[in-house]
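K.L.:
Make a model of the complete structure from these sequences and hints.
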Amino acid sequence: MSGPFEHEIVAAGLERAASLFPEDVAVAFRSATVSRSLLPPTPPPEVEPWRAPPQIGA
Amino acid sequence: MRAASPRTAVALVEAFRRCAVSPVDIIQATLAPIGREDGALHSFVQVDHEGALDAARKAERCWAAGSPVGPLCGVPVGIKDIIDVAGLPTTCHSRVRLNHVAQDDAAVVRRLRRAGAVIVGKLATHEFALGSPSFDLPFPPARNPWNLHHNPGGSSSGSAVSVAAGLLPISVGTDTAGSIRHPAGACGVLGLKPSYDAVPREGVFPLAFSLDHVGPLARSAADLALAFAVMADRPATLPIDEGVRPLAGVRVGYVRHFHARDIQADPEVSAALDAMAATFDGLGAIVSDVTLPPLQHFLGVNRVIMFAEAWSIHAKWLRERPEDYGQSGRQRLMAGAFLSAEDYLSAQRGRTQLTRQVDEVFQKVDMLLVANMLDPACHIDNPAALAHTAERQARVAFNVTGHPALSVPTGVSAAGLPLSAQLVAPMHAEAVLLRACAALEHAGHGVVAPPAHDCPGD
Chain Z
845 MSGPFEHEIV AAGLERAASL FPEDVAVAFR SATVSRSLLP PTPPPEVEPW
895 RAPPQIGA
Chain U
720 MRAASPRTAV ALVEAFRRCA VSPVDIIQAT LAPIGREDGA LHSFVQVDHE
770 GALDAARKAE RCWAAGSPVG PLCGVPVGIK DIIDVAGLPT TCHSRVRLNH
820 VAQDDAAVVR RLRRAGAVIV GKLATHEFAL GSPSFDLPFP PARNPWNLHH
870 NPGGSSSGSA VSVAAGLLPI SVGTDTAGSI RHPAGACGVL GLKPSYDAVP
920 REGVFPLAFS LDHVGPLARS AADLALAFAV MADRPATLPI DEGVRPLAGV
970 RVGYVRHFHA RDIQADPEVS AALDAMAATF DGLGAIVSDV TLPPLQHFLG
1020 VNRVIMFAEA WSIHAKWLRE RPEDYGQSGR QRLMAGAFLS AEDYLSAQRG
1070 RTQLTRQVDE VFQKVDMLLV ANMLDPACHI DNPAALAHTA ERQARVAFNV
1120 TGHPALSVPT GVSAAGLPLS AQLVAPMHAE AVLLRACAAL EHAGHGVVAP
1170 PAHDCPGD
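Chains Z and U, in that order, give the protein sequences.
Position one of the first sequence corresponds to residue 845 (our numbering), numbered consecutively onward.
Position one of the second sequence corresponds to residue 720 (our numbering), numbered consecutively onward.
Hints are not guaranteed to be accurate.
Claimed, not checked - Listed below are the simulated SDA-like cross-link pairs for lysine to any residue, each with C-alpha atoms no more than 20 Å apart in a straight line:
| # | chain 1 | residue 1 | chain 2 | residue 2 |
| --- | --- | --- | --- | --- |
| 1 | U | 1035 | Z | 893 |
| 2 | U | 1035 | U | 925 |
| 3 | U | 1035 | Z | 859 |
Honestly, the hints are just simulated from the structure, not real lab data.
P.N.:
Rendered as structure tokens:
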């Protein structure tokens, strides 16, 4: 196992997956990178994480 | 490919009331076409013949006794195979869960049974409700009844296929990034993603806790309204609004930039959306363009949250037995391993902001008209086309915000495949969507049955 994201594979405990399916792990890594790049600009500090909206009758 | 005379749930209940037909007759007439035709469609992963007939006999006794019956008494319903039905496997279409048998009904199944529905079986999904149609799973992928070579959409593929093909009047699906609305659009039926948590998620195998929604698919507005009322435990509303201009005064915001600028849609999809805007105008609605944040921002937030939450569920299995997953699910479910707490919280904070921005638009309009699929369904066995079209969609925005969203047909492409749009309403305003859907149906823009196919290979 080697590559540009070997450290991340070990940190995630995905050594077995990386040995059996190296291309799938690489696709997953790229997918995470692309997804992160699509996030909107960081909101102001006072914006809190989303909370589920109240339900009818709640 | 469709059943000989598919009936809506409303028509069935009326026929039961008049004693024109019995629930046992209907369930027998439902099971026979499933056995005959589903070999090509693959919409079911499990048919519960015995359980369905037992429930039908019970429904028949209720109708015969003249005792009060539930609103779906004797109506056949199918359940996506990530939702527990007591005594049946919940495989999630995965080798990982092949031996899991549910001990109890999911909350939504309990509500359906209480209303008298007859659970006919479990319906195909993508593995763990994520990914693409796959050929490396324990069950084959469902096929689009409009053209068996084309993607039926997903992940609630069996839920849409069974309803579109006329095998069932109502099915239950789940939607984390569009998984009810995608197959509903691809198969030309109605699919409602309700407001977040309007339908309980207890007993539903999670994909991403804070994005998962449970909802119905059907072929008519009245059936959809009935199913939603039962599933959400709300009083049934009659969405039918007669008259020449049934949407008079309803303010419709057209989110044109999603498909015209942010991610350009196929021209046929765009033209059908413009035509739907004109139809709303003709029905009396006041249609104007509105602007939401860029579609890419919703996509990023949805993906980061979905991958992170899904990883928290699948990490142990993916570390120990990755070979038990299909390739499509494995690639997507492992993405969360490479996201940080900072990524997840950034996405959840961005989500707060995006939700507020959509709520601000709802101060000015009653409903949004939004693209659904940005392309007609591609071939089911073309991985490149599946990957390309998977990201070209405008559904995730409303998993992020939690607003109710409904897929409605907008016509058929030149190649003979369904086109669709989304209608979106403020939180808990599903009635607005159902009313608009009924108005479209009355104006001749309802669900159309797929053409008949003679054999799987045609």
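K.L.:
All the hints need checking, so say for each whether the structure fits it.
P.N.:
Hint check results:
Under the criterion of a C-alpha separation no larger than 20 Å, the hint pairing residue 1035/U with residue 893/Z is inconsistent with the structure, at around 26 Å. A distance of roughly 15 Å separates the Cα atoms of residue 1035/U and residue 925/U; the hinted pair therefore holds under the 20 Å criterion. Only pairs whose Cα atoms come within 20 Å are accepted, and residue 1035/U paired with residue 859/Z is accepted, the gap being roughly 13 Å.
Comparing the model with each numbered hint stated earlier shows that hint 1 is the single one that does not hold.
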